[in-house]
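Asker: For the protein sequence lines, the chains are Z and P, in the order given. Residue numbering for the first sequence follows full-length UniProt numbering, starting at 1 and increasing by one per position. Residue numbering for the second sequence follows full-length UniProt numbering, starting at 1 and increasing by one per position.
None of these hints come from the bench; they were simulated from the model. Even for Gly, the Cβ is constructed at its ideal location relative to N, Cα and C.
Straight-line Cα separation of at most 27 Å, DSSO-like style, residue types lysine-lysine; simulated pairs:
1. K368/P <-> K129/Z
2. K368/P <-> K131/Z
3. K307/P <-> K360/P
4. K114/P <-> K131/Z
5. K131/Z <-> K120/P
6. K94/Z <-> K57/Z
7. K35/Z <-> K57/Z
8. K57/Z <-> K10/Z
9. K61/P <-> K120/P
10. K393/P <-> K61/P
11. K327/P <-> K368/P
12. K61/P <-> K131/Z
13. K9/Z <-> K35/Z
14. K94/Z <-> K67/Z
15. K67/Z <-> K57/Z
16. K317/P <-> K360/P
17. K9/Z <-> K114/Z
18. K114/Z <-> K10/Z
19. K317/P <-> K307/P
20. K129/Z <-> K61/P
21. K114/P <-> K129/Z
Computed beta-carbon distance windows for the label pairs:
22. P70/P <-> F162/Z: 24 to 30 Å
23. K94/Z <-> R39/P: 21 to 27 Å
24. A26/Z <-> Q375/P: 56 to 62 Å
25. E143/Z <-> P70/P: 24 to 30 Å
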Amino acid sequence: MSMAAVETKKITLRTADNHEFEVEEAIAMEFSTIKTFFDENPDASEDTIPLPNVTSKCLSAIIEYCKSHLAFRARETSSSIDEQVRTYDEEFVKARDNESLKELILAANYLNIKALLDMLNQAVADRIKNKSVEYVRRFFGLENDYTPEEEAAIRAENEWAFEGVDPDDD
Amino acid sequence: MRGRKKAAINPSSSSKGGGGVVGHEPTANPCNFFQLPRRTIFDIFSRLPINTLFHCRCVCKRFLCFISDPEFARLHLSRSPLCILIKTMPLQNASKRLQLAQVEADVANCQVMKMNFTPKSNVPTCDISHMNACNGLLCLVGAEKDSSFYVCNPILGEFITIQPPYKGRHRGTFWGLGYSAVTNQYKVLQSYYPAIESAERHVVAEIYTIGTGSWRSIGNAPTDTVALPFNAFLNGTLHWFPCTPNGSEFIHSFDFETEQFGTLPPPDHFREEDKKFTNYARIGVLGGCLFIIYFTNSIRFDIWVMKEYGVKESWTKQFVIENLYPKQGSWDFYEPMVVLNNGEILMLYNNDAVVCYNQKRRNLRGTKFFRTRSQFDAIAYIPCFVSLYNVAKGEQISRIQGTREYEKLCTEEFQDCAGCGAPLINPGYSFPAFGAPCGAVNYPEDLCARNSEIICTACDKHQAAPLKSFLTLGSL
Numbered sequence: 001m002s003m004a005a006v007e008t009k010k011i012t013l014r015t016a017d018n019h020e021f022e023v024e025e026a027i028a029m030e031f032s033t034i035k036t037f038f039d040e041n042p043d044a045s046e047d048t049i050p051l052p053n054v055t056s057k058c059l060s061a062i063i064e065y066c067k068s069h070l071a072f073r074a075r076e077t078s079s080s081i082d083e084q085v086r087t088y089d090e091e092f093v094k095a096r097d098n099e100s101l102k103e104l105i106l107a108a109n110y111l112n113i114k115a116l117l118d119m120l121n122q123a124v125a126d127r128i129k130n131k132s133v134e135y136v137r138r139f140f141g142l143e144n145d146y147t148p149e150e151e152a153a154i155r156a157e158n159e160w161a162f163e164g165v166d167p168d169d170d
Numbered sequence: 001m002r003g004r005k006k007a008a009i010n011p012s013s014s015s016k017g018g019g020g021v022v023g024h025e026p027t028a029n030p031c032n033f034f035q036l037p038r039r040t041i042f043d044i045f046s047r048l049p050i051n052t053l054f055h056c057r058c059v060c061k062r063f064l065c066f067i068s069d070p071e072f073a074r075l076h077l078s079r080s081p082l083c084i085l086i087k088t089m090p091l092q093n094a095s096k097r098l099q100l101a102q103v104e105a106d107v108a109n110c111q112v113m114k115m116n117f118t119p120k121s122n123v124p125t126c127d128i129s130h131m132n133a134c135n136g137l138l139c140l141v142g143a144e145k146d147s148s149f150y151v152c153n154p155i156l157g158e159f160i161t162i163q164p165p166y167k168g169r170h171r172g173t174f175w176g177l178g179y180s181a182v183t184n185q186y187k188v189l190q191s192y193y194p195a196i197e198s199a200e201r202h203v204v205a206e207i208y209t210i211g212t213g214s215w216r217s218i219g220n221a222p223t224d225t226v227a228l229p230f231n232a233f234l235n236g237t238l239h240w241f242p243c244t245p246n247g248s249e250f251i252h253s254f255d256f257e258t259e260q261f262g263t264l265p266p267p268d269h270f271r272e273e274d275k276k277f278t279n280y281a282r283i284g285v286l287g288g289c290l291f292i293i294y295f296t297n298s299i300r301f302d303i304w305v306m307k308e309y310g311v312k313e314s315w316t317k318q319f320v321i322e323n324l325y326p327k328q329g330s331w332d333f334y335e336p337m338v339v340l341n342n343g344e345i346l347m348l349y350n351n352d353a354v355v356c357y358n359q360k361r362r363n364l365r366g367t368k369f370f371r372t373r374s375q376f377d378a379i380a381y382i383p384c385f386v387s388l389y390n391v392a393k394g395e396q397i398s399r400i401q402g403t404r405e406y407e408k409l410c411t412e413e414f415q416d417c418a419g420c421g422a423p424l425i426n427p428g429y430s431f432p433a434f435g436a437p438c439g440a441v442n443y444p445e446d447l448c449a450r451n452s453e454i455i456c457t458a459c460d461k462h463q464a465a466p467l468k469s470f471l472t473l474g475s476l
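Pulled out of the complex, with its shape left as it was, chain P reads as follows:
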């Protein structure tokens, strides 16, 4: 009984050509992958590196549509590995100032993907004094007192401009981009000093929820001069140490959901050693947990990890880093950034270099990820396809590039839903025409539906007849 299944599902793949299909030559046996449900295609795409996804965008309009889909962007963001984004000191020319490296290393090999973010294609400016990133978006702050803030997605070349009020105040030194998962909102926190003559002058904080167009005061901030670590964001909360001469007994935090400042306790023995310990400490996020290091200028240091967020007793010594480099200056700092799949730990060394610590061999080695002799600041950044058109509604969104043809692909005419009258955006692209309200469109689960069904998500009504301005799904 050898029922040999006929290619009934796939009428277009006639010749099951080949014996020699082991090389997976696509021409030997093309098949219709579009019988796969959309979420499976999203799943496959979400495992691809950024450069391959860029190629996929060029393959056909439907792929551009998939890669622009907010559901895909969310899935891809959750899987995308952390990258290191550096900003060199302005000695570098603008095209090399922002460099991104994504390092993936497993037992077999190590791959580095590199990109430069430039004002020509990715970011509105690189005259930046500060930057930080959260959940796939980047926040850039200029150097001048009245500089704008920019929140951007450099991969998509989109940005919004936020004008902070600056009259009657002195600019503070603290800016942070955060994300509240509960409300799916991005927010920018900043600090400032009211320009009043008073011994009681205190630093004040305010917050801008992207999409609302205005800043809200949230009262006094605990400190001003702040050192944000490489990766400061965890559980909806930003973490830092104040950089004041007195140091601090605690880790400071700001919760973007509750919009409250708070503190976290370090391990007990840290505080016993030195009340000002924070000047010799580093914190950050590794492997989904907060870590802390107290440098004692010796040839080794320990990385303590807070296994349960907020629980002081859960601080655990997780890594020991030994055989450090001979001292360069009076004090050396190492800031852990990423633990790779093969167990090696990438660390920022004195704002000069990225080094790699091998836990098995217990030694450090240099890396050549970044070709620069300048000093640099580094932050954790996850490149993604989260579009500002979806998460920054209500803001004026600008694009760095955008030829007229590309804009047209994005803004082709749309029709109205037969049921509720909401304008249906062209399913080719998930972002609406500029300024238009969004009445999104869903493909039904089976993409091979012969009658090209389209569903209006505003009222859930099926649009039976294919509409002229939409892609015909059944064309394959």
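This is chain Z alone, in the form it adopts within the complex:
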């Protein structure tokens, strides 16, 4: 709730489950989709913007993210700020399950928030990095549609990359 004398412009967003969020203009402009909308319709500032592809749970997390990152950016750059940003991002994804990561990615993609999307994509990549075939299959919820012969053929193609690199013995 703003109690300042200066009136900060607020924009209302309505989510898919009919919740309305009032956010400061600066935060809404972090969503490139919305920024583009206002750039092209400068007189539309009175309306509530419907976001039929975003749930309230996602939107509130995204608003928190953008608020925090705006605050970080307002401070002077330094390595300790970078460290804090890194820690914040790690905490943001750490406790989330795969389903909510996916929903956040879909929302960030729809709202076109590049930095958040990059961060979330990297988080998913980090979760499957160096993991086994089975793990990746379960992670994405996929069935193996190879026949045993086909699967053996692909694994044979890949085998060289996993052969141990022998210690030097020349």
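Since the structure of chain Z is already known, use the hints to place chain P on it.
Answerer: Structure of chain P alone, referenced to chain Z:
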């Protein structure tokens, strides 16, 4: 007001099982990541290391399809970090002659991924006298006068063979693979001497554009004996120093787009010191800029970087390397290769070893990335999934491996587009059956489309009904 969203988007994930999802155990809450747009999946994949991508290929046919997609290959190539590829002197046996190391180091830790390229799985031969790499492909040149050239992707085990003409000429010593971004073509440059008795004998250059099947002469080359640095390629141009007794006043270059030889000026004070300076200098590419070093046999050297390509005034002293090792022979050379994320600089030391310089502590330390006691040549190489089937159309492409089953996965029957009649390749794989023209297929943006839409890129027509030989996309 607590509207709790129901899992409407994802009908298959019934039990939002668990409280204990912090461990991210996939079985607790499998979800349908395929609602993500294809380019987001590409983005996620492009951040994965090669070994994980190999695992992903085994996960299901659709993942094999994604990883074979040329758009993915381009994105992955642009993100893939530079690796060091070494070729040991032939004393090593063939399975250890080509070794690749990818080093990633940030503030917290240092990881090294290692691979060996062998004739069994990756390259057509390791009887190589020269190699160089450009934009994800590797060019290998054999030792004999009539040896073939090979351009290959060792990660995919694909290669093409180029037979250089050799009658009536003496082989030169200069070969370089290059890439022209404007035309999306890979080209091979080579030099030779016409076999004529003449005091005016001059070295000649010719170029082979991959896909065209023939060599074109491009006139006289400035020099022959050439020392290609670890990483020579920048802005579509190859850079080198000639290794002749007279040295040179300039850095030499060849632009693969304009197909012209040229020169670049070093910093002014280099030339004042010694007109033959290039015999004691090293150049290369670091952090996207050309660098140059002039060794004076002292305990330190400076790395000058050309901040703006082609602009002599933009040469800037960027790094100072101090506390060098005690001299081994009469002259020691260090060739910078990669600046890691944590600021350390990897350097090639006298073709013997890879050393690491820490800028903060100002000291050198050895590394154990390569287990070899032989001398070696090193080049910069970016492992990638760029397939020769996409960038070398018109050439006869060979595969090192390829069991019959795998070939079948690649060459399953395809149908023709209902609109324009172009053969549609199986969307399982982005490369067409051998020799077949490519009428590629695009998935529409939303992979969860229930009616499994497929679009022919030749005529943009939607193929409404799922075709029998294609994967059914809506099966999840």
